[in-house]
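Participant: Given only the sequences and the hints, what does the whole structure look like? Please build it.
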Amino acid sequence: MDCNQAIICGEIIKLAGLRYTPAGVAVVEFSIRHQSNQLNAGNSRQVKCDISAIAFEQIAMTIIKLEIGRRVKLTGFLAKKSQLSQQLILHVNNVVQLLSENKGR
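Using numbering that gives the first Met the number 0, the first residue of the sequence shown is number 0, and each one after it goes up by one.
Hint data in this document are derived by calculation from the structure and do not stem from the laboratory. Note that this is a predicted model, so its numbers are computed, not measured. Check before you lean on any hint, since a few could be wrong.
[To be verified] Simulated restraints on C-beta separations:
# : residue 1 : residue 2 : range
1 : K80       : Q4        : 16 to 24 Å
2 : L38       : G16       : 34 to 42 Å
3 : G41       : Y19       : 27 to 35 Å
4 : G68       : N93       : 16 to 24 Å
5 : R18       : K72       : 19 to 27 Å
6 : A40       : I67       : 16 to 24 Å
7 : F55       : Q34       : 20 to 28 Å
Idealized CB from N, CA, C, for every residue including glycine.
Facilitator: Next comes the structure, spelled out in C-alpha coordinates:
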(Lines of atoms letter the chains of each structure in order from A and count residues from 1; the text may use other names and numbers.)
(Lines give C-alpha, C1' and ligand atoms only; values in the text may rest on other atoms or scores of the structure.)
Protein backbone atom coordinates (compact mmCIF):
# COMPACT_ATOMS: atom_id res chain seq x y z
CA MET A 1 0.00 0.00 0.00
CA ASP A 2 1.46 3.35 -1.07
CA CYS A 3 -0.94 5.77 0.67
CA ASN A 4 0.79 8.17 3.09
CA GLN A 5 -0.66 11.67 3.26
CA ALA A 6 -1.49 13.81 6.26
CA ILE A 7 -3.30 17.15 6.52
CA ILE A 8 -3.48 18.85 9.90
CA CYS A 9 -4.04 22.31 11.30
CA GLY A 10 -2.49 23.71 14.43
CA GLU A 11 -0.49 26.43 16.06
CA ILE A 12 3.29 26.56 15.94
CA ILE A 13 4.62 25.94 19.46
CA LYS A 14 8.32 25.26 18.79
CA LEU A 15 10.53 26.50 16.00
CA ALA A 16 14.20 25.52 15.77
CA GLY A 17 16.69 27.63 13.88
CA LEU A 18 17.25 27.15 10.18
CA ARG A 19 20.10 24.74 9.45
CA TYR A 20 21.59 23.13 6.39
CA THR A 21 22.31 19.50 5.59
CA PRO A 22 25.85 18.55 4.48
CA ALA A 23 24.48 18.72 0.91
CA GLY A 24 23.43 22.35 1.50
CA VAL A 25 19.68 21.74 1.77
CA ALA A 26 17.82 24.16 4.08
CA VAL A 27 15.92 22.38 6.87
CA VAL A 28 13.84 23.45 9.87
CA GLU A 29 12.30 21.30 12.59
CA PHE A 30 9.25 22.56 14.44
CA SER A 31 6.17 21.44 16.38
CA ILE A 32 2.52 22.32 16.16
CA ARG A 33 -0.31 21.90 18.67
CA HIS A 34 -3.54 20.57 17.17
CA GLN A 35 -6.92 20.86 18.88
CA SER A 36 -10.27 19.89 17.38
CA ASN A 37 -13.52 17.99 17.89
CA GLN A 38 -13.88 14.85 15.78
CA LEU A 39 -16.79 12.48 15.30
CA ASN A 40 -15.84 8.98 16.47
CA ALA A 41 -18.40 6.15 16.43
CA GLY A 42 -21.21 8.69 16.52
CA ASN A 43 -19.75 10.59 19.48
CA SER A 44 -17.89 13.88 19.52
CA ARG A 45 -14.34 13.49 20.77
CA GLN A 46 -12.01 16.32 21.72
CA VAL A 47 -8.57 15.79 20.17
CA LYS A 48 -5.45 17.54 21.48
CA CYS A 49 -1.93 16.61 20.41
CA ASP A 50 1.51 18.03 19.69
CA ILE A 51 3.08 16.99 16.40
CA SER A 52 6.74 17.14 15.40
CA ALA A 53 7.37 18.31 11.85
CA ILE A 54 10.25 18.97 9.47
CA ALA A 55 10.44 21.00 6.27
CA PHE A 56 13.08 21.39 3.59
CA GLU A 57 14.11 23.95 0.96
CA GLN A 58 11.46 26.60 0.12
CA ILE A 59 8.95 25.30 2.67
CA ALA A 60 11.63 25.59 5.38
CA MET A 61 12.32 29.18 4.28
CA THR A 62 8.60 29.97 4.58
CA ILE A 63 8.17 28.35 8.00
CA ILE A 64 11.25 29.96 9.54
CA LYS A 65 9.64 33.38 8.94
CA LEU A 66 6.52 32.45 10.96
CA GLU A 67 6.19 33.30 14.63
CA ILE A 68 5.33 31.05 17.57
CA GLY A 69 1.54 30.98 17.93
CA ARG A 70 0.89 31.29 14.17
CA ARG A 71 -1.89 28.98 12.97
CA VAL A 72 -1.05 26.85 9.95
CA LYS A 73 -2.47 24.07 7.80
CA LEU A 74 0.21 21.51 6.97
CA THR A 75 0.15 18.86 4.25
CA GLY A 76 2.77 16.16 4.05
CA PHE A 77 3.62 12.57 4.87
CA LEU A 78 4.66 10.62 7.96
CA ALA A 79 8.04 8.93 8.32
CA LYS A 80 10.33 7.75 11.10
CA LYS A 81 12.37 10.57 12.62
CA SER A 82 15.56 8.60 11.90
CA GLN A 83 16.57 5.09 10.92
CA LEU A 84 17.06 4.17 14.59
CA SER A 85 13.87 5.80 15.89
CA GLN A 86 10.28 4.58 15.84
CA GLN A 87 9.02 8.13 16.53
CA LEU A 88 7.02 9.60 13.64
CA ILE A 89 7.56 13.07 12.22
CA LEU A 90 5.48 14.95 9.65
CA HIS A 91 7.49 15.84 6.54
CA VAL A 92 5.80 19.00 5.33
CA ASN A 93 5.45 19.67 1.61
CA ASN A 94 2.86 22.46 1.82
CA VAL A 95 2.03 25.11 4.41
CA VAL A 96 -0.87 27.58 4.48
CA GLN A 97 -1.18 30.31 7.12
CA LEU A 98 -4.63 30.37 8.75
CA LEU A 99 -6.64 33.08 10.41
CA SER A 100 -7.18 32.48 14.11
CA GLU A 101 -10.95 31.88 13.76
CA ASN A 102 -10.23 28.73 11.67
CA LYS A 103 -9.06 26.90 14.80
CA GLY A 104 -8.85 23.14 14.25
CA ARG A 105 -10.12 23.22 10.66
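Participant: State the violated hints by number, sorted upward, taking the hints as numbered earlier in the document.
Facilitator: 3, 6
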